[in-house]
Amino acid sequence: MSERVPIVRIGQILLVSIQVDLSDETTLTLQDDLSNRIVAEGARGVILDISALEIVDSFIARMIGTIAGVSKVLDAETVVVGMRPAVAITLAELGLSLGGVRTALDSDKAFAILRSMGRSATRDDDDDSEDSEGAGETAHTGGAR
Amino acid sequence: MERLEIGNAGDVVRVRQAARALALQAQLSIIDQTKVVTAASELARNTLIHGGGGSAELDIVTENGRTGVRAVFSDSGPGIPDVPRVLAGGYTTANGLGLGLSGSRRLVDAFELETAVGRGTTVTVTKWRR
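Chains A and B, in that order, give the protein sequences.
Read in order, the letters of the first sequence correspond to residues 1 to 145 in my numbering.
Read in order, the letters of the second sequence correspond to residues 146 to 275 in my numbering.
Note that these hints are calculated values from the structure, not bench results.
There are no misleading hints in this set.
Just some of the chain A residues that point at chain B, by a computed CB distance under 7 angstroms: (1) D21; (2) S23; (3) D24; (4) E25; (5) I55; (6) D57; (7) S58; (8) A86; (9) I89; (10) T90; (11) E93; (12) L94; (13) G95.
Using C-beta positions, here's what the derived DEER-type ranges look like: (14) B/E208 x A/V20: 30 to 38 angstroms; (15) B/Q170 x A/R115: 43 to 51 angstroms; (16) A/G69 x B/E257: 35 to 43 angstroms; (17) B/I175 x A/S97: 18 to 26 angstroms; (18) A/Q19 x B/Q170: 21 to 29 angstroms; (19) B/R274 x A/V39: 43 to 51 angstroms; (20) A/R4 x B/A233: 34 to 42 angstroms; (21) A/V20 x B/G198: 22 to 30 angstroms; (22) B/R148 x A/K72: 39 to 47 angstroms.
Note that the Cβ used here is the ideal one computed from N, Cα and C, for glycine as well.
Given only the sequences and the hints, what does the whole structure look like? Please build it.
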């Protein structure tokens, strides 16, 4: 019954937009899937869009922290995007700070942060430029919505 | 009153959704909705993981002219031997952060804990509309 959260690759970046009500099982599956994909695809950045999440409880917060930590060890940077203000307030009151997790207000800003760190949505060193250029365009329109 | 069994991870999500529906119906603010739903999620997970399953009873209550959402989580699990330590936070027997009880207590207006070793635990929380 465990749902899977889709992971989309855009150049060097893996984009995850959580659109389901996360069960603990789905949360753990996402954590594993994402770690595997970072290695398998040599990703340099992860954008985790949680704007659709109405709550982030301690279990989901731990997953976010773990993903940020694991990705760092695997030489990828995680940016968490779109946390709702009520969720941020609730997390703080719950006693969770998500310290050390990089955040951005929207996907555009997250892409900009990763680009400034040399982790772009297009692969400069990639011969397969047709594919990566297209992916870069997708990144832009996707982030602008 | 809505009664939900808590026997698997999917049930925790269903408790969350039921709490959200009631918080909306009780016209809690967005922040208070988020707080009570988060508390319900933490407590439902506690019931599942520490209590070995149980139930949640959710309702809209009116007392002294106030309206709010009340949630009662019950299990027949091992109980909590050291309540002050658990409520202080950071203490966990399972693979968690130890924030379930201590954290959810901070998110609600009223919090009652009844526990007996070997017999089970009941947690009652209330969030009032402001």
